[in-house]
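*Asks:* Read off the chains here:
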Amino acid sequence: MNPAPSVIIFTTLSGMGFGLLFWLGLGLPAPTGWVAFGFFFVAYALAVGGLMASALHLGRPERALKAFTQWRSSWLSREAIAAVVTLTLGGIFALTAIFGTPLAPLGWLVSLGCAGTIWTTSMIYTQLRSVPRWHHWTTPAVFLTLAGGGGALLANQGLAALVLLAAAAVLQGIAWFTGDRRFARSGTTLGTATGLGERGEVRAFLPPHSGSNYLLKEFVYVVGRRHVMYLRIIGMSLAFVLPLAILAFGLTHVTAVVAILAHLLGVLCLRWLFFAQAEHVVGLYYGARRTA
Amino acid sequence: MTQLPPPSSVKLGLVIDLDTCVGCHACVVACKGWNTENYGAPLSDTNPYGADPSGTFLNRVHSYEVIPDEGPAQQVHFPKSCLHCEDAPCVTVCPTGASYKRAEDGIVLVNESACIGCQLCAWACPYGAREADPAEGVMKKCTLCVDRIYNENLPEIDRTPACVRTCPSKARHFGDLGDPDSAVSQLVAERGGFDLMPEQGCKPVNKYLPPRARDTDEVDVLAPLLEPVAQDGKGLVAWLDKALSALPKGGRA
Numbered sequence: 000m001n002p003a004p005s006v007i008i009f010t011t012l013s014g015m016g017f018g019l020l021f022w023l024g025l026g027l028p029a030p031t032g033w034v035a036f037g038f039f040f041v042a043y044a045l046a047v048g049g050l051m052a053s054a055l056h057l058g059r060p061e062r063a064l065k066a067f068t069q070w071r072s073s074w075l076s077r078e079a080i081a082a083v084v085t086l087t088l089g090g091i092f093a094l095t096a097i098f099g100t101p102l103a104p105l106g107w108l109v110s111l112g113c114a115g116t117i118w119t120t121s122m123i124y125t126q127l128r129s130v131p132r133w134h135h136w137t138t139p140a141v142f143l144t145l146a147g148g149g150g151a152l153l154a155n156q157g158l159a160a161l162v163l164l165a166a167a168a169v170l171q172g173i174a175w176f177t178g179d180r181r182f183a184r185s186g187t188t189l190g191t192a193t194g195l196g197e198r199g200e201v202r203a204f205l206p207p208h209s210g211s212n213y214l215l216k217e218f219v220y221v222v223g224r225r226h227v228m229y230l231r232i233i234g235m236s237l238a239f240v241l242p243l244a245i246l247a248f249g250l251t252h253v254t255a256v257v258a259i260l261a262h263l264l265g266v267l268c269l270r271w272l273f274f275a276q277a278e279h280v281v282g283l284y285y286g287a288r289r290t291a
Numbered sequence: 000m001t002q003l004p005p006p007s008s009v010k011l012g013l014v015i016d017l018d019t020c021v022g023c024h025a026c027v028v029a030c031k032g033w034n035t036e037n038y039g040a041p042l043s044d045t046n047p048y049g050a051d052p053s054g055t056f057l058n059r060v061h062s063y064e065v066i067p068d069e070g071p072a073q074q075v076h077f078p079k080s081c082l083h084c085e086d087a088p089c090v091t092v093c094p095t096g097a098s099y100k101r102a103e104d105g106i107v108l109v110n111e112s113a114c115i116g117c118q119l120c121a122w123a124c125p126y127g128a129r130e131a132d133p134a135e136g137v138m139k140k141c142t143l144c145v146d147r148i149y150n151e152n153l154p155e156i157d158r159t160p161a162c163v164r165t166c167p168s169k170a171r172h173f174g175d176l177g178d179p180d181s182a183v184s185q186l187v188a189e190r191g192g193f194d195l196m197p198e199q200g201c202k203p204v205n206k207y208l209p210p211r212a213r214d215t216d217e218v219d220v221l222a223p224l225l226e227p228v229a230q231d232g233k234g235l236v237a238w239l240d241k242a243l244s245a246l247p248k249g250g251r252a
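If you read the protein sequences in the order shown, they are chains A and B.
For the first sequence, numbering that gives the first Met the number 0 begins at 0 and goes up steadily by one.
For the second sequence, numbering that gives the first Met the number 0 begins at 0 and goes up steadily by one.
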């Protein structure tokens, strides 16, 4: 899939923003006054900034309000509603905290909304059978633990960050290990795509046109195998290994900033891979995956 | 509404005959022509006369080579457009309700004035049937020429999709695949029509008819004429023939 900067920035920043808001809602930490304002400002800057980045990828952003109507069937619609409801409740909760009387039950509701928003975001990708790498329980598991771990890092919750980031690293490993084989296991080949597979080996002979097209640009993105290995090592090191090492030695203000920045860059790298490595079955029609 | 309607009894769709398609791309041109001038936003081209032209199309023709275990390879021309699936994933993922399946005849359409161009429907479609139009910012897809098939201003013969009307080898057929007695359903039953990517679970309405197996006879009809004419020659030529044939490899290079 085309690794569009707008969706990579959206899922990364919003993930961390809603992750931070999740811990603030639980009262971990429970700041008041200007400190509370600072914490909530960071959470909202990340969450809202990410959502605005996602609007950039729309062809007709001026009609975005219509996206709140189809929650019965559409995960994207559910995500939009979950995000707006959570941010509205979170705003009220933030005001109560800033003025010194945080309403704990409202905070719990906000935390629930944060988890729901991350989950609905991940389901947008998980639901797609046409992209076998994403169509698996590891997609929401990685999204949720990454957001929780990154949020805990921002919220200065050392133990929670340690546990969740370690879990996210393991889940990411499982997602890669199983994901590398999932396209082949999906059973979709050029043979089933053309219905000609039982007659012999099918090979793409002529494309429909000599130039490129929307489908090739959006769905048939090829990453070099060696780059993938290096990017996985870089992503794992920055997102998990470095922050976990810093957490193990105890956080100070300076090392916390280093851990947070490393984690953010690492997650951006992992998200780039999440999109760039995902293969859409339509690529088969254009001769992608000739050996599979 | 992007919830799928209950299955309709009328299932309008196409039957594409891979045996007779000659890969002329006339259906591609007819489709682009009709759908640029009629229903919805035009199908735009980007840099059409430049070094790297591209454009929005609702129908494209691929060509594949099938190499059987035995016998010669076979070339198959393969037109592909929206298959108007019964379980259309492009409809249910739509967040705005712009993408919908008609309850009365099963045609999958986009309400372009409600489309926000998020492209999730194109992601969800395994067949690559939807394209985002870069000029209009909305999703375009085959409408089954909904503005032709019910159009009483057109002569009756023209009330079929533009691709079907134009096909010079009659490789495209339009009709009601929900009616087992319709001509298209009969054709599918007789010829063993099949679904594309059945494992994706979309239950496509459009069906494809298989190409005939290639003849196993002599490939070249002229081959008999190339046999040596004089098997029992005499004289200098016969002697030369025998002498050369006696050389290693029978005198052939």
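Hints are computed from structural coordinates only; laboratory data are not their basis.
Computed from a predicted model, the values in this text were never measured in an experiment.
It is possible that part of the hints are untrue.
In silico EDC-like links for lysine to aspartate or glutamate, alpha-carbon gap of 16 Å or less [claimed, not checked]:
id, chain 1, residue 1, chain 2, residue 2
1, B, Lys31, B, Asp180
2, A, Lys65, B, Asp146
3, A, Lys216, B, Asp51
Chain A is nowhere near these chain B residues, computed Cβ spacing over 10 Å in every case [as the list claims (entries may be wrong)]:
id, residue
4, Leu3
5, Asp51
6, Val60
7, His61
8, Glu135
9, Glu151
10, Asn152
11, Val236
12, Ala237
13, Trp238
Even glycine gets a Cβ: it sits at the ideal position worked out from N, Cα and C.
*Asks:* Taking the hints in turn, state whether each one holds.
*Replies:* Hints and how they fare:
Distance hint between Lys31 of chain B and Asp180 of chain B is unfulfilled; the C-alpha atoms sit about 32 Å from each other, more than 16 Å. Between the alpha carbons of Lys65 of chain A and Asp146 of chain B the distance comes to roughly 26 Å, so the proposed pair goes past 16 Å and is violated. A distance of roughly 13 Å separates the Cα atoms of Lys216 of chain A and Asp51 of chain B; the hinted pair therefore holds under the 16 Å criterion. Remark: the non-interface label on Leu3 of chain B conflicts with the geometry, its nearest Cβ contact in chain A lying 8 Å away (cut-off 10 Å).
Residue placement check: Asp51 of chain B does not keep its beta carbon more than 10 Å from all beta carbons of chain A (closest about 6 Å). The beta carbon of Val60 of chain B is not kept farther than 10 Å from every beta carbon of chain A, the shortest such distance being approximately 5 Å. With a least CB separation of 5 Å from chain A, His61 of chain B falls inside the 10 Å interface cut-off, contrary to its annotation. Against chain A, the non-interface label of Glu135 of chain B is violated: not every CB pair exceeds 10 Å, the least being about 7 Å.
Listed as a non-interface residue, Glu151 of chain B keeps its Cβ farther than 10 Å from every Cβ of chain A; the least gap is roughly 33 Å. Against chain A, the non-interface label of Asn152 of chain B holds: every CB pair exceeds 10 Å, the least being about 31 Å. Listed as a non-interface residue, Val236 of chain B keeps its Cβ farther than 10 Å from every Cβ of chain A; the least gap is roughly 45 Å. Under the 10 Å C-beta cut-off, the non-interface status given to Ala237 of chain B relative to chain A holds; the minimum distance is some 45 Å.
No Cβ of chain A approaches the Cβ of Trp238 of chain B within 10 Å, the least distance being about 48 Å, so the stated non-interface status holds.
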